[in-house]
Every structure is written in structure tokens, then in C-alpha cells.
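Colleague: As they're listed, the protein sequences go chains A and B. Here our numbering runs 1362 ahead of the position in the first sequence, where the first position is 1. Here our numbering runs 9 ahead of the position in the second sequence, where the first position is 1.
Quick caveat, the hints were computed from the structure, so don't treat them as lab data. Bear in mind the structure is a predicted one, so any value in this text is a computation, not a measurement. C-beta atoms are modelled at their ideal positions from N, C-alpha and C, and glycine is treated no differently. Please note that the accuracy of each hint is not assured.
[To be verified] In silico contact screen, one side only, chain B against chain A (beta carbon under 8 Å); selected entries: (1) L54; (2) M55; (3) V57; (4) E65; (5) P70; (6) F84; (7) P92; (8) A96; (9) L99; (10) E109; (11) F112; (12) Q114; (13) G115.
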Amino acid sequence: QKEVEQNSGPLSVPEGAIASLNCTYSDRGSQSFFWYRQYSGKSPELIMSIYSNGDKEDGRFTAQLNKASQYVSLLIRDSQPSDSATYLCAVKGYNAGNMLTFGGGTRLMVKP
Amino acid sequence: ETGVTQTPRHLVMGMTNKKSLKCEQHLGHNAMYWYKQSAKKPLELMFVYNFKEQTENNSVPSRFSPECPNSSHLFLHLHTLQPEDSALYLCASSQEGYTEAFFGQGTRLTVV
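Isolated chain B, as found in the complex (with noise of 0.2 Å):
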């Protein structure tokens, strides 16, 4: 079993709809980051959780929604989304301090 896990691994969706992706980590770590990934962009922070608690809101716009129920598991949810939201979105873990992250295997999602 892999340490870090984004379902779905591709999502196609239209601009009205609502979905959600999901990330689990299963190595004992206590951050959880949400990235983004545009075609030749870097990667971009959206959101990290410490602890469960979100510390960092990267000026997001408010139709991704990130959730965070407890320090193993992280949401972002997705809705009335635009075509230049289509990205590589990339789960990521550590833990705390100056330790390294490991990422997901990610989530290619297409707006249509």
C-alpha cells in the first residue's frame, strides 16, 4: 500500500458540477497539503493542514473547499469550477518540522 493516496486518478467534470477528491495517508505524519499542477507550471501551494488545522490558504478562490477531519485524511472539494481549473492536483504529507513531504500519485481533473 502506497503512503500517500488521491482517488479518483482522473475526473472529468462540467462547470456546474459538484465533486470531491480525496487524499489518505497512511504514514503517521501530521501536515497534509493540497498542490496544484498546470500544464508546464510550477507547483502551486494551495492549502496545508497541521494538526488538522489549516495554516495556509495560498488566495485559493472559494470554489475549491479544502476539509480536513482528521490528520490522516484531506479533502478538496470542487465545485462550479472553470475550464482553467484543469490541472494536476497533488496530495502531499510530513511531518512536522524540517522533514521531507511525500506526494500522491494525484488527481488529473478536466473541466468541460
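Isolated chain A (complex conformation) (with noise of 0.2 Å):
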């Protein structure tokens, strides 16, 4: 089993609409909780950290976390074309030390 696991999509939306990621770790004693903005060919850009049980909110992003069932989620409002990227999730948690895991990543085509 990974660690970290996405579905790699490509998930597609209209604009407009809400896109819903998801995440999945193995690791219970994960502790901090991230998503990542990959454009083709560039390096990932941190978007949202989550830390605790519930929603985050920043804008038209919100991260929700569910520890008890080791998921996490990103939904995007609003979605943009510029929107369209592949989307990492990553874990670091008590039994990884200072390592990040990242899941394989989820393709996010917005059509406009």
C-alpha cells in the first residue's frame, strides 16, 4: 500500500464549477497535511497546509481534513482554466522524521 495515495485523473470540471481532490495516507501518526500546485514542467507550489480536523478556507481553496479516516481533500470553487495542473498532496508525519510524502499526484483539467 502507498503512503500517500491520489487518483491520478485526469479529473475534469467546466469552469465554474467545484473540483474536488482527494487524498488518502497510511500513516496515523501524520501530523501536518499539504497541497501542492504543479504546472507542466515547473516545480510544485505550496497552495494550503491543514493541521488540525475540520476546514481550511484561503480564497477559492479549501483543504478539509479527516484524520480519523486518514483523508484529506482540496476543493476548488469557482474553478479557472488556470486552474488546470496537477495537484500534489503530502504528508509529513511522526513515524517519516522531517520527510515529506507525496502522493502520485492528480491531473485537474478545467474546460472553459
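Put the two chains together into one complex; each comes in its own frame, and the hints tell you how they fit.
Modeller: Next up, the structure:
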């Protein structure tokens, strides 16, 4: 079982819709959760971090964390074509020391 | 000045060459990472340094040799690489603990 799992996609949504990206992780000791956005050929860019159960909102982005279910998600409201990218879930946990473990990423396509 | 700077941005090298990738961070972080990202593949962690000490070597071939002279600089020395080593090499840094990592722009390496 992979430590951090994401559906590779592509996830295709129309412009203006809500895009929902999901991630599950295996290390119950995980404490920190991050979403990165990566455009093709570019380096990952941090867009959200979440540390406690519940929702965290930042503009059009909402991160949701459920530690009991070992599940973290990212919602993008009013999706724009410029949101088309690969979204990487990353987890840092007690058992992993100071190491970020990345999922394989979900490719999002927002169609005009 | 960006937080994490990688040089060069692009590198073409022959299989018998020796070259080095450089990473410098200006964020005061104490952990630095090398990642490899091959075309259409997930991020692969290669090496982790905490306080200049290597804490992770993710079964990386010996033709890749990391060096961390201080907490702000990280090198990846390359020798006798193979064409399959062509990839985007990403450096990242973070503060010890459960905080996020920030990436450099990456070095696009092509081995011919």
C-alpha cells in the first residue's frame, strides 16, 4: 500500500464548477498535510496547509482533513482554466521524521 | 531573491561527464531535500539532510552523490549517468518539525 494515495485523473470539470481532489494516507501519526500545485515542467508550489481536523479556507481553496478516516481533500470553487495543473498531496508525520511524503498527484483539467 | 535557488536551470551532459547541481536556500531552514521527477511520474525522494547530516538515502544509485556543506547549500554531484536519469531534479527546504517545504525552480537534466 502506498503511503499517500491520490487518483491520478485526469479530473475534468467545467469552468466555474467545484473541483474536488482527494488524498488518503497510511501513517496514523501524520500531523501535517499540504497541497501543492504543479504546472507542467515547473516546480511544485504550496497552496494550502492544514494541521487539525476540519476545514480551512483560503480564497477559492478549501482544505478538509479527517484524521480518523486518514483522508484529506482540496476543494477549488469557481474553477478557472488557469487552475489546470497537477495537484500533489503531501504528508509529514511522526513516523516519517522530517520527511515529506508525496502522493502521485491528480491532474486537473478545467474546460472553458 | 527567491527562497530556494537552483542552478543550472537546464543541463545537457554526456554519459561520461561529471557535473554538479547546486541548491541554495535563503529561508533559514535546517532541512534540505533532493527529489527526482521523471516524465509523467510522481516525485521521488532521493536524499534528505537535517542540520547538514544525511538522514535519508532512498536507494539512490551511487552515480548520484549529495553534498551538504552547510544548512544553506546542497549539491548533487553527477557522474557516469544513464539516459534514464534524464528528469527534472528538484531541491526543497523546510524547517524541522511539521512545517511545509519550499521548492526551487528545478534543473532539467538531459543525459545523452
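Colleague: State for each hint whether it applies.
Modeller: Status of each hint after checking the structure:
The criterion of a C-beta within 8 Å of any C-beta in chain A is met by B:L54, whose closest approach is roughly 7 Å, and the hint holds. Checking B:M55 against chain A: minimum C-beta separation of about 11 Å lies over 8 Å; hint violated. Because the beta carbon of B:V57 sits about 6 Å from the nearest beta carbon in chain A, less than 8 Å, this interface hint is met. A cut of 8 Å between beta carbons decides the hint on B:E65: the least distance to chain A is about 6 Å, and the hint holds.
Because the smallest distance between the Cβ of B:P70 and any Cβ of chain A comes to about 20 Å, over 8 Å, the interface hint for this residue is violated. With a cut of 8 Å, the hint placing B:F84 at the interface with chain A is violated, because the nearest CB-to-CB distance is about 18 Å. Taking 8 Å as the C-beta contact cut-off toward chain A, the hint placing B:P92 at the interface is violated, the least distance being around 19 Å. Checking B:A96 against chain A by beta carbon gives a least distance of about 12 Å; that is not within 8 Å, so the hint is violated.
The interface hint given for B:L99 holds, since its Cβ lies 6 Å from the closest Cβ of chain A, which is under the 8 Å cut-off. This hint holds: B:E109 has a C-beta 5 Å from the nearest C-beta of chain A, less than the 8 Å allowed. A distance limit of 8 Å between C-beta atoms decides the matter here; for B:F112 the minimum to chain A is near 4 Å, and the interface restraint holds. Because the beta carbon of B:Q114 sits about 5 Å from the nearest beta carbon in chain A, less than 8 Å, this interface hint is met.
The closest approach between the C-beta of B:G115 and any C-beta of chain A is roughly 5 Å, which is under the 8 Å cut-off, so the hint is satisfied.
The structure fails to meet hints 2, 5, 6, 7 and 8 from the earlier list, while all remaining hints are met.
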